[in-house]
Amino acid sequence: MTSELVEKLKSGLKGNITVISDDGVNDVVVLSDKKLIKSAAELIKGTHDILFMLTIVDRNPNFELNYLFSNYRNKNIIILRVNITQDDYKIDTVSKVFPSADWEEREAYDLFGIEFKGHPDLRRILLPEDWPGHPLRKDFEVTDDVRNWTGLDLKF
Amino acid sequence: MNLESEEKNAADEFSYPGLGDVIFMKAEKFIETVLNWGRGWSLWPVTFGTSCCAIEMMTFGATKVDADRMGVLFVGDSPRQSDLILVSGTITKKMARRLINVYEQMPSPKYVVAVGACNISGGLYHDSYNTIAGIDRIMQVDVHIPGCPPRPEQFQDAVKVLRELIQKNKIERYDKRTS
Amino acid sequence: MENRKGVILNIGPVHPATHGVLRLIADLEGDTIENIKVDIGFLHRGKEKLAEMRYFSNYYPIVDKLDYVSALQMEILFGSVVEKAAGITLPPRAVYIRMIMAEIQRIMSHLVFIGSFGMDVGNYTGFIWAFREREELMTIVESVSGGRLAPMYICNGGTFYDLPENFNQALTPVLDDIEKKINKDYRALFNDNNIFVMRTKGVGVINKSTVIENGITGPNMRAAGIKRDLRRDEPYLAYESMDFEIPTEESGDSYSRFIIRIKEIIESIKIIRQALKNIPTGPYKTSVPWLLKIPEKQTFVRQEVSKGEMAMYMVTNGGLTPYRLKIRSPTFFSLKMLEKILKGSKIADIVAVVASLDPVMGEVDR
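Protein chains in written order, with the numbering used here: chain A, 1 to 156; chain B, 1 to 179; chain C, 1 to 366.
To be clear, the hints were calculated from the coordinates, so they are not data collected in a lab.
Note that the structure is a prediction, hence the values are computed from the model and not measured.
You may find that some hints are simply not true.
Unchecked claim - With a straight-line Cα cutoff of 35 Å, these simulated DSBU-like cross-link-like pairs (lysine-lysine) come out:
hint, chain 1, residue 1, chain 2, residue 2
1, A, Lys14, C, Lys37
2, A, Lys38, C, Lys201
3, C, Lys346, A, Lys75
4, A, Lys90, C, Lys201
5, A, Lys45, A, Lys34
Unchecked claim - Just a few of them, taken from the derived set where beta-carbon distance is under 8 Å, the chain A residues facing chain C:
hint, residue
6, Leu13
7, Ile17
8, Asp49
9, Leu122
10, Leu127
11, Asp145
Stated by the list, open to error - Residues from chain C that keep clear of chain B, each with C-beta distances beyond 12 Å, as calculated:
hint, residue
12, Ser116
13, Cys155
14, Val174
15, Asn193
16, Glu296
17, Lys343
Glycine included, each C-beta is placed from N, C-alpha and C at the ideal position.
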C-alpha cells in the first residue's frame, strides 16, 4: 500500500525526495535539498500533528537529521531524512509549523551545534551557555581533562 | 613543643597562663563535648536530592525506616537552619556551583553525607562528559554511603556512623571546607 | 527592567517543590506570574554519549536511571529496541513476565506521584500512605530481581531469572490490598477531601488543542480528553490479549491529572490479574550472546511508559555498540508547557501544577 502522504510529498516537492519505504505506517523518505525542509513540513502538517522526535546522527563530517512525525489519531509515522554537509551546519527551523519542535531543536543546537535559522529562542538547553564544545559530536572525545574538570568556573 | 620552650615564650610576652585560662580551656572542651552529644541526636538535613538516590531518601523519610525517630527531621529544608547535607544523586558540572552555594549557606558546624556511587567515584557515569566523578573533588565529605542507589537502611546506618563520629569529637569544626 | 514594579523569583534547582532539579524563573507582579522561564539540564549525565561507549548488554544499568521511578519499563524499552534490531524473538513466558513487571512498575510510579503530589499540596498523610503501599510492591520486585529501585532484571532475549515459586501467592494479597485502599482510603483522603479538591480543581488547565500542538503524551494527555494509549493502539508485549479500559477525563486540570493516575492503577491491577492467570510455562529467555553485533540499521520503538510515550531511535553500524541512541522523553515535552500554562496564575499554584505533570528529571535531562 503506497501512502497518500508520500504521493503528496512527491508532487509537492517536485521529485526532490527519494522514498526508502512507504507502507503507509512507517514511511521513510529522504529529502535531497535542505532548503525544502520548511515546505516539506508544511505538507506533512495536514496528516501529522507533532514532531515526535528529532534524531541527529553524526556521519562525520556530515550530519543526518531524522525528523519523525507522528499523530494522535492512528499509528502512522513518517521519517523525513535530511543531510546537511560540512560547508555550514545550518537548516531552517520547523518550530513555526510544529510547535513541539521548539525544545528538540534547542537540544540539537546544544549537543551538536547545528543552527536552526528562524528559531524564536535558540539557546543552549541542557548545558550551560559557556560550556565548551558540542559533546555528542563524534570528534568530541571524553578525555581526562574533561572528566577531571569540576565545572566550578562556569557562569552561575 | 615542650614545656620549657612554652614557658619561655610565655615569659617573653610577660603573660603566664593563669588558672582561669586552663579551667576555661577545659570548660570549652567540656562544653564542646556536651554540644556534640546533642548535635548527634538531632541532625536536621538539607535534602540535596538530585536523582535516583533522592527517591530512596524519600523512602528513608517515610514509613518502615522512618528517619524521624533517629532525630533526622525533614523539616523546612532550609540550608540556614540545617546541620547536615545529604548529597543524594549525581552532581553534574552545571550543578557543582549550586551545591557549593547551598553548602556555604549552612551554619557551622556542618556535616556532609555523600550518597551513592556517583558521589564516591562517579559510579556508572565515571566516563561521562558532564558529571563530577566523586564530590570529594569539590568538598570534604564525612560519611559515604555506597550503593547504586543505596537501600533506605543504609541511610539509617550512615546517620548512626555520623552520630558516633560527632559524639566522639572525631569531626573537626571548619567554617569553610570547600576547595 | 528599570520601570518594573514586580520582582523576579528564582525557584530551584534544589527546592522541595520542584521534584528533582528543575529551575523556574518567574517574573512576578504582586502574587501573579507575568512570565515564567523553565531551565532544565541540571541532571544531564550524557546518557546518549555513554550509549556509544557501552556494549548492548552493558547499557541496561544506565537505562535504569532514565526514569528512576519506573526503571523496569525503561529496561523493557531498551530491550525491545535491541531485540528488534537484532531480530531476536522472545519466548512467550518472557513476554508475560515483562508485562507483569511493567505494570507493577507503573503502579509504583503512580504511587510515587500520589505521594509527592500529596506532599506538595499539603497532604502529608498521602505521602506516608503511598510510600507504604509502594514498599509492599518493592518487596515483590526485590524478591523477583534482587534490586529495589534499579532492578537490572531484563536482559537481551528475556529476563535474568524466572519468577520465584510463590510469586502468585505473594502478589495477589498485595494487589487486593492496594485496590481496597485506593477505593476506600485514598478516596476519603483525596477525592472527598474539600481542601485537596479546591487546591487542584481548575488549576493549570491544559486543553486539547495545546496537547495536540505540543506533543504531550501519557496521563497528562488523557486528562485532557484524548483517548490514546500505545498499549491498545500499537499493542506490544501481550497487551493485545488483555482486557482493560483507557480512562479519560475532560477538564485537563491538575485534579483530573491526579484522578487519571488513580484510575490507571486500578486498570494495571486488572492487567496483572489477567496475566497471572494466563501466564504460559516454558523458558524465560532465549540464549543470546553477551557481545552482540547488530548490522547497519535504524530501529525505532515506542512504548507507553508511566509518563507517556517513550521512544528510542537506535542507529547501528555493525559494531558492538550503538552508533547513536536517541531517547525521546515524554516529560521533556510536557515541561515546555509550563511556560504557557503558568502564565497568569498565582505563585502558590506553581507547586500544584509542576507536581501534577509528574516530572522525573532523570528522564528529561538524560
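Results of checking the hints against the structure:
{"no.": "1", "hint": "A:Lys14 to C:Lys37", "result": "42 Å, violated"}
{"no.": "2", "hint": "A:Lys38 to C:Lys201", "result": "40 Å, violated"}
{"no.": "3", "hint": "C:Lys346 to A:Lys75", "result": "39 Å, violated"}
{"no.": "4", "hint": "A:Lys90 to C:Lys201", "result": "45 Å, violated"}
{"no.": "5", "hint": "A:Lys45 to A:Lys34", "result": "18 Å, holds"}
{"no.": "6", "hint": "Leu13", "result": "22 Å, violated"}
{"no.": "7", "hint": "Ile17", "result": "17 Å, violated"}
{"no.": "8", "hint": "Asp49", "result": "5 Å, holds"}
{"no.": "9", "hint": "Leu122", "result": "15 Å, violated"}
{"no.": "10", "hint": "Leu127", "result": "6 Å, holds"}
{"no.": "11", "hint": "Asp145", "result": "15 Å, violated"}
{"no.": "12", "hint": "Ser116", "result": "8 Å, violated"}
{"no.": "13", "hint": "Cys155", "result": "17 Å, holds"}
{"no.": "14", "hint": "Val174", "result": "15 Å, holds"}
{"no.": "15", "hint": "Asn193", "result": "20 Å, holds"}
{"no.": "16", "hint": "Glu296", "result": "26 Å, holds"}
{"no.": "17", "hint": "Lys343", "result": "26 Å, holds"}
Comparing the model with each earlier hint shows violations of hints 1, 2, 3, 4, 6, 7, 9, 11 and 12; every other hint is respected.
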